[in-house]
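J.: Chain A is already provided as a structure; the job is to place chain B on it using the hints.
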Amino acid sequence: KNEVEQSPQNLTAQEGEFITINCSYSVGISALHWLQQHPGGGIVSLFMLSSGKKKHGRLIATINIQEKHSSLHITASHPRDSAVYICAVRLRVTGYALNFGKGTSLLVTP
Amino acid sequence: DAGVIQSPRHEVTEMGQEVTLRCKPISGHDYLFWYRQTMMRGLELLIYFNNNVPIDDSGMPEDRFSAKMPNASFSTLKIQPSEPRDSAVYFCASTPSQGFGSPLHFGNGTRLTVT
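Order-wise, the sequence lines are chains A and B.
Residue 94 is where the first sequence starts when you use the working numbering, and the numbers rise one by one after that.
Residue 4 is where the second sequence starts when you use the working numbering, and the numbers rise one by one after that.
Not one of these hints is a red herring.
Listed next, the in silico DSBU-like pairs over lysine-lysine satisfying Cα-Cα at most 30 angstroms (straight line): (1) B:71 - B:81; (2) B:81 - A:195; (3) B:27 - B:71; (4) A:195 - B:71; (5) A:195 - B:27; (6) A:161 - A:195; (7) A:161 - A:147; (8) A:146 - A:161; (9) A:195 - A:147.
If you're looking for bench data, these hints aren't it; they were derived computationally from the structure.
Looking at chain A on its own, in the form it has when it is part of the complex (with noise of 0.2 angstroms):
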């Protein structure tokens, strides 16, 4: 079983909409990622956090610890959002290593 869920795994959404993306995990982690791979493959990371709060932009990052649950939004969508937006968490137990959810893959049509 993996120890990091995401939902949900496809999303389609119109241009300017909010968008919600949920991870859940099911350890006690140090640190959780949220990355972005774009259809070129690359992989971008967006916020690394531990607690609260972090907004970059359009994209806000939340991390509730007690529930073991983060969320990614974004605001005012465009078609360049469009990507595979990837949870990752940074186990106690294992240090540096990260454990991947199976990504949500987002597409924002105009």
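T.: Using the frame of chain A, we list chain B on its own:
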């Protein structure tokens, strides 16, 4: 800063051949990771190094896989002999040693196809 550099970008080889993937981490980064991505399993950690020393290789599938980091600016992942099930995208990533608060920097990956 050129980022994490991987080579080659694409590799097509026949079953049984040796494959060597290369990675140059960002200068000053103490940690280097090798990941594999497949449609079925997503991203998986294969091995990671700290200051050129392998720390966790529990994700290396079997003895056919080996990884080295002879110095702070170069690492290789070798598969010998290669099999069709090794077909995947292999990513290298690096991060500085700043506790658990460091973002990860990924290379563009090597797409390996074993026929």
